[in-house]
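Let the sequences and hints guide you as you build the complete structure.
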Amino acid sequence: MLKFILKRLGSAVGVLFAASLLLYVLVINSGDPLGDLRESNAKNREYLMQQRIDYMNLEQPWYLRYITWLGGVGRCFVGSCDLGKNVNGIEVTGLLANAASSTLRLVLLATIIAAILGIAIGVLTAVRQYSGLDYLVTFLTFLFFSLPVFWAAVLLKEYMAIGYNNWLEDPQISIGTSILIGVVVGLALQMLLAGSLKRRGLTFIITAVFVPLLLQYSVWLNFYRYPQMGPAILVVLTLLLALSATAMTVGLKEKKVLYPALITVVLVLGMYYATFWLLQDANTWLLVIGGALAVAVPALIGKFMGGRLSKAAASVSALVGFVGAGLTVLDHIFRAWPGFLDLKGRPIATIGSSTANLGGGYWDSFLDNATQLLLPTIVLAIISLASYSRYTRSSMLEVQQQDYIRTARSKGLSERTVIFRHAFRNALIPIATIAAFDFAGLIGGAVVTETVFGWKGMGDLFITGLHAIDPAPVMAFFLVTGTAAVLFNLLADIVYALLDPRIRV
Amino acid sequence: MSNTNEKAPENLTSIAEVEDAKLAATTEQSKSQSRIVLERFLRHKPAMVSAVVLVLVTLLAFTSIGFGPVPGWWKQSYLDAGSVVNGGKPTFSLLPTWLGGSGIAWGDHPFGQDSVGKDYFALVMNGTQKSIIIGVVVGLVGTFLGAVIGAVAGYFRGWVDEVLMRITDLFIVIPLLVLAAVLGQIAGRGSTSIIALAVVLGLVTWTGLARLVRGEILSLREREYVSAAQAMGSRTSRVIFKHLLPNTIGVIVVNATFAIAGAILLESSLSFLGFGVQQPESSLGLLISQYQNAFLTRPWLFWWPGMTIVVIALAVNFLGDGLRDAFDPRQTGKRRRRRAGLFAMPTRKEKP
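Read top to bottom, the protein sequences are chains B and R. The first sequence lines up with residues 1 to 505 when you count with UniProt numbering. The second sequence lines up with residues 1 to 352 when you count with UniProt numbering.
Treat the hints as calculated values from the structure; they're not laboratory data. One thing to keep in mind: the hints can contain errors.
Facing chain B, according to a computed beta carbon distance under 7 Å, are these residues of chain R, among others [stated by the list, open to error]:
id: 1; residue: L60
id: 2; residue: Y155
id: 3; residue: R157
id: 4; residue: G158
id: 5; residue: V160
id: 6; residue: R166
id: 7; residue: V173
id: 8; residue: I174
id: 9; residue: P175
id: 10; residue: L177
id: 11; residue: S268
id: 12; residue: S269
id: 13; residue: I288
id: 14; residue: A294
id: 15; residue: F295
id: 16; residue: T297
Distance ranges between label pairs, derived from CB positions [stated by the list, open to error]:
id: 17; chain 1: B; residue 1: A194; chain 2: R; residue 2: R157; range: 36 to 42 Å
id: 18; chain 1: B; residue 1: D36; chain 2: R; residue 2: V70; range: 38 to 44 Å
id: 19; chain 1: B; residue 1: L117; chain 2: R; residue 2: T58; range: 34 to 40 Å
id: 20; chain 1: B; residue 1: N57; chain 2: R; residue 2: R157; range: 28 to 34 Å
id: 21; chain 1: R; residue 1: A294; chain 2: B; residue 2: E39; range: 27 to 33 Å
Beta carbons: idealized from backbone N, C-alpha and C, even for Gly.
Below you can see the structure in the form of structure tokens.
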């Protein structure tokens, strides 16, 4: 294994080196870096040109410039990177650090959401192959594959963001609209839950009646400007989650899993009151530590109470604890929402990564970041989601044909155990490698998405660099993406070998 | 070896003869592999619908405004500015009069006009032509390169394979959009021809197919018929192009289809970023980027090219899906039993 990794790393370094040389030559030959100055009428034109020549070392031949750049990169190994200066004489190293953190913030959330949702949808459509749901999802994934990103992003900006902001000025939902929403949600839900015709009909009728009532009630409460949740709803939601998670993993009959989950629900309620004043003015560290505790403590409870099912019990309890903590935070966000609306009247932003001079407390800037992230995250997630669900679906279908699945069924195992224990876990193996690729690709930036949403990230660094025929930022961009691609490729191979014992390296 | 089948004639002595006689007695025609694939493909409804849509869109784009010296039936040119009628609103309508629309009407400017009064239908049709040409050229160049490089690497193995695959890695390590943008900028400065851009894009989109074909060839080259061909003294090029590549035709065709859809999307992204098609040439992506600021006042300038891209890319992707199902050797019977594995998926060529 070690030999394999070293060999792969060796060839990867060679490839990276050659690719950097190729890209460098291509970029400096893609135009005239002094072009805009040659045509300008500025009085100090000569001075400006000389200044730019100094910044970019233009008087040197290209190989010397490349070697200088490579030397600067080499110094990263001794802790003092020097990636050169851009056309305006600003150190690229500093620019890169800002851009990378901004892009990471954008991409991380979108990847996680896309992976979780996409895998869930993929499993569901594979289990119900050739159902109405399957055909609908297949059509939608193909649609998302065929969507020009910038076009979809501009539509989202115009209709979703601006439409929502306008609507929020005076949130009203007419009776007709709410009935329509009810019917649509009802149709979607009966498709999702499936079952016999009677069950589907019942699902549809109940939803189609319940949703319009709920919508009208929320309008009457003025929920959209003054949202509230409170401990009662928190307990009901976590309880529902505890029951359904137990039912999905081992079934409700297994008290060894059910009881720790229920204890966690009680703990969540306790913590809701205990942390109430603490969370009024929170900070990021508090949230991170709280989140970690909300996973660790229930997991320990599950582990000790679970007996032979300790693994399942621990994960179910941890999930309940985590979601409970999330809902507690959501409750505080709800409380901060009216105050936030006073600061930022049109909440969903279409451009930039944060609002300047917002003021307000922790929750206000938290909400500000969230509303700025919302649209780009939706765009990125929708497109990654399509490929995740498609890959998961074909991987699940592949696995379901295997002999060991037939063996599991003929042993008399329940369908739930067959799907989740035997099929799903094997289907995840190729998905793990795809997730690695996907993440590596996304670090390289959502170049187009960043441009549409005016996000100063890696993509922006690259585009402005290329427009100015400025190799330093383009090469800095490549350094990060190329290294990420190589490392995640290697990681994918190693993970594959670890997960699948049939693979020998 | 007495015959066990009572229907078979008595005087046959070998199993092969019995089987031959049985075959001759049946009315069913045996089908060639390509015939089976074609029939499966024709049964794939989404692919058939897509094929019809694609042919219609292509015909509309090429006949309406004409292509090259051939004039089309559409009376207005995409170059002429004119007086803006009714704010440039589209005259195309499908809503019947009794629903408050103006009936099914085509009108003078079905897709509306831009701010200087150019007919937008002609502009979009021009862009559609260019996008289709780019897609097809990129698909052809990329597929040819990928197939040949993959086949050569897989057939010769050893140092040839090593070198070619490291070159492939080289192209994979640089993000496609980056490479395409840099090359697009160079091509754009050299000439404004879309063919130059398309060829350049084809030069960077062959990597995925090369890897797939190499994998296929690595296993195919161990077959007996390849040894037979080599033993008979066939030239290497003949073995590769006559015996090996035709057997990977499924992978190649399916990937070529998805490559066309990917290329159209990649071109639109590049043009949107300003590294793709340059004025005075036009493409659907360039139309969107030119008119994106007009969204609030003239939303149709934004809608029509975008919808056209979506329709073309969707149809091509469904076509590829149908082809993949048709070429899948594991399929039997009328009902599609299962999809092909991971070997080909519609892929976005550029990262979002």
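T297(R) as chain B interface residue, shortest Cβ-Cβ below 7 Å | violated (12 Å)
Do the numbers back the hint for P175(R), that is, is its least Cβ distance to chain B under 7 Å?
-> holds (5 Å)
Take a look at whether the Cβ-Cβ distance between D36(B) and V70(R) falls inside 38 to 44 Å.
-> holds (41 Å)
Any CB of chain B closer than 7 Å to the CB of R157(R)?
-> For R157(R), the interface hint is violated, since the closest Cβ of chain B sits about 16 Å away, which is over 7 Å.
How does the Cβ-Cβ distance of N57(B) and R157(R) compare with 28 to 34 Å: does it lie in that range?
-> violated (44 Å)
Supplied contact hint for V160(R), tested at 7 Å Cβ to chain B | violated (16 Å)
Return the status of the interface hint for I288(R): holds when the least beta-carbon distance to chain B is below 7 Å, violated otherwise.
-> Holds. Min distance 6 Å.
With chain B as the partner, please determine if S269(R) meets the hint condition of a C-beta pair closer than 7 Å.
-> Result: holds, 5 Å to nearest chain B Cβ.
So, R166(R) near chain B? Judge it on the closest CB pair being under 7 Å.
-> holds (6 Å)
Distance restraint hint 34 to 40 Å, applied to the beta-carbon atoms of L117(B) and T58(R) = holds (36 Å)
Have a go at the F295(R) hint: is there a Cβ in chain B nearer than 7 Å to its own Cβ?
-> Since chain B brings a Cβ to about 6 Å from F295(R), closer than 7 Å, the hint holds.
Is 36 to 42 Å a correct range for the gap between the Cβ atoms of A194(B) and R157(R)?
-> violated (50 Å)
Violated hints, in rising order: 1, 2, 3, 4, 5, 14, 16, 17 and 20; the structure is consistent with all others.
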